[in-house]
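Colleague: In case you want the letters, here they are:
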Amino acid sequence: MNESEKKEKQAFFIRFSKSGSISIFRKLCSKVLKRTRCAFLDAEYKPLKCGSECSHLRIGKYLARFRPSPSREYMVFKCSCNKICLSFPVIQGSSVYGHVLFTHLDREPNKRMIDAVRICMDLALKEFQKEQELNKLYETIRPRAIALSTIHTIHRLLSSTLNMDELIERIARLTLQVMRSRHCSIMLLDESKKYLIPKAVIDLDKEILKTDPQYKKIKLGVKQEGKAAKTGETILLRNSVCVPLVEEDIIGVISARDKTNDAPFDRFELEILITLAEQAVIAIKNAQMYEEQEKMAYGSIKTMAALLDAKSPNTFTHSDQFVKMVLAIAEEMKLPREDIANLHYAALLPDTGKFSIPDEILRKPGSLSSSEYGIIKKQHLESLKIIEHLEFLKPAMPIIRHHHEKYDGTGYPDGLKGSKIPVGARVMAVANAFEAMVSASPYKGKKISVSQAIKEIENNKGSQFDPEVVRAFIGVVKKPEFKNMPGASA
Amino acid sequence: MKNIKSLFKNEVSKKVLLFFNENQNCIDTVKGISLWIGGDIDIIQKVLNQLVKEGVITSHRTASTTAYAYTNNKEIVKKIEKYIKKFKGL
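Chains as they are written, first to last, in the working numbering: chain A, 13 to 502; chain B, 22 to 111.
No lab work stands behind these hints, which were simulated from the structure alone. For every residue, glycine included, the Cβ atom is placed at its ideal position computed from N, Cα and C. Treat each hint with caution, since some may be false.
As the list claims (entries may be wrong) - Derived pair list, reagent style EDC-like, types lysine to aspartate or glutamate, alpha-carbon separation capped at 16 Å: (1) K490(A) <-> E470(A); (2) K99(B) <-> D274(A); (3) K95(B) <-> D215(A); (4) K206(A) <-> D261(A); (5) K95(B) <-> D270(A); (6) K95(B) <-> D274(A).
As the list claims (entries may be wrong) - Just the calculated beta-carbon pair ranges, DEER-fashion: (7) K99(B) <-> T152(A): 25 to 31 Å; (8) N24(B) <-> E245(A): 44 to 50 Å; (9) K218(A) <-> D61(B): 37 to 43 Å; (10) K26(B) <-> D261(A): 52 to 58 Å; (11) R250(A) <-> K35(B): 31 to 37 Å; (12) E245(A) <-> K35(B): 42 to 48 Å.
Turn these sequences into a full structure, and let the hints steer you where they fit.
Modeller: See below:
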């Protein structure tokens with residue numbers, strides 16, 4: 013028997029002597045053998061631990077001299093204090109793992125007793141083996157189950173956003189977390205498929221640095237990332253690991269570098285990154301599809317706006333500055349991303365409601381009569397039916413419908429008041445009024461300066477406009493990019 | 022961060038820290054963590070919030086899910102590992 017086998021046997025016997033099945037064995041034996049004490053000697057008859065079992069354990073040395081053969085045989089003898097002792101081998105297959113020593117027996121054990129001990133020992137061994145198998149299963153399955161749960165959680169975290177920038181950053185952060193690395197980068201292939209463009213680079217010490225000049229685009233085949241993207245194969249090095257992002261074709265590369273505990277990356281971590289990359293590819297593809305859909309939606313809206321503009325320029329649409337202002341106010345108010353997207357749609361087609369309003373009313377200078385105002389209210393709703401069939405515009409419809417409402421409830425079409433007016437509509441109302449006041453238009457009333465328009469809006473805070481929106485507007489309108497509203501004068 | 026010893030005084034907090042220290046790659050929700058360490062979800066949630074405040078656990082939030090993971094701070098991890106070794110008598 014070589015040294016490692018010997019050590020393995022010893023380890024098995026130590027674990028066995030400490031196992032739960034041994035305490036049951038001890039109890040059973042104490043009933044059979046009466047008031048006995050039980051100790052464990054290894055295969056060399058050395059006691060496993062010297063404790064309360066006292067001088068009887070010196071018996072080991074005594075027994076060692078006789079080395080019973082064959083090993084299955086038990087030994088009954090008297091110790092130096094004239095007490096009866098029983099040494100019983102612990103056997104598995106053909107190997108003796110050690111011996112159980114019973115001391116202080118009140119009488120010499122007969123064959124029935126020995127058989128009972130043997131049965132108890134077999135039971136204890138079987139029980140211990142079961143215990144060992146369960147432990148092994150627990151040790152093997154639990155980490156995998158935890159890893160699987162981690163992957164499931166990552167899937168949930170990744171599938172909860174369709175915004176590409178947010179998604180890529182999230183993938184990088186989760187990679188950093190799961191790989192326990194100090195650095196992670198995600199690079200996607202450009203349209204020419206010749207270069208990898210860094211989309212998110214996170215370094216624990218430096219935070220996001222994707223704009224840092226050191227993170228330049230990488231040519232395919234160059235550096236670790238370029239090689240992985242070219243060959244489609246994973247790269248596992250001591251301090252870095254790199255996995256291509258593959259969805260039919262290679263779309264990019266994800267890489268992690270330098271573990272926080274300075275240990276090397278191993279195969280298990282490579283497997284984790286491969287699984288994470290698979291999840292990332294699905295999420296990236298979904299986000300790309302969503303982006304394409306969004307582009308199509310914007311394209312459709314812009315086409316509609318262009319058609320309406322062709323019928324009557326500057327009647328149904330507003331300037332690009334107007335759209336930018338609406339979005340800037342929404343950002344300033346920290347509205348949710350989805351609300352901002354809907355507001356963007358609405359800002360591109362704010363006045364579709366004017367479509368069937370007669371030109372003479374639309375272009376009439378000065379104030380309207382009550383019957384003309386009635387026509388506007390009725391036709392505003394009629395006109396909105398043109399776009400109500402566009403599914404992607406549905407969330408933006410309430411904004412378009414209600415952006416002529418006034419905060420105090422005196423607007424149209426429904427006379428909604430305060431927070432009953434959709435927040436997007438309240439934002440658009442302020443931007444709309446500002447643009448109307450500062451831009452030159454024959455039918456929008458008298459043009460006034462930017463500072464006068466701001467004052468006017470502030471004066472109508474709480475009556476016509478939502479004070480919260482006005483506050484955000486004031487923060488936004490002073491920014492340099494809004495100083496040049498088309499037709500505006502300082 | 023508080024004194025590490027005080028983090029280990031609370032039995033649930035101790036279980037959470039032992040779990041994450043043993044499974045440093047893990048990212049899971051409070052429900053998942055309660056499955057691995059056993060115990061009441063609400064209590065574990067409170068402990069996790071506290072540990073996030075202490076900087077020992079990091080949270081990854083989305084509109085619908087919050088997941089928790091072990092800190093990436095090398096120094097904190099080292100301190101916790103040292104403390105665990107000490108009380109386990111290793």
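Colleague: Each hint needs a verdict: does it hold in this structure or not?
Modeller: Quick rundown of the hints versus the structure:
{"no.": "1", "hint": "K490(A) <-> E470(A)", "result": "holds, 14 Å"}
{"no.": "2", "hint": "K99(B) <-> D274(A)", "result": "holds, 12 Å"}
{"no.": "3", "hint": "K95(B) <-> D215(A)", "result": "holds, 14 Å"}
{"no.": "4", "hint": "K206(A) <-> D261(A)", "result": "holds, 13 Å"}
{"no.": "5", "hint": "K95(B) <-> D270(A)", "result": "holds, 12 Å"}
{"no.": "6", "hint": "K95(B) <-> D274(A)", "result": "holds, 10 Å"}
{"no.": "7", "hint": "K99(B) <-> T152(A): 25 to 31 Å", "result": "holds, 28 Å"}
{"no.": "8", "hint": "N24(B) <-> E245(A): 44 to 50 Å", "result": "holds, 48 Å"}
{"no.": "9", "hint": "K218(A) <-> D61(B): 37 to 43 Å", "result": "holds, 40 Å"}
{"no.": "10", "hint": "K26(B) <-> D261(A): 52 to 58 Å", "result": "holds, 54 Å"}
{"no.": "11", "hint": "R250(A) <-> K35(B): 31 to 37 Å", "result": "holds, 34 Å"}
{"no.": "12", "hint": "E245(A) <-> K35(B): 42 to 48 Å", "result": "holds, 43 Å"}
Checked against the numbered hints listed earlier, the structure breaks none of them; every hint is satisfied.
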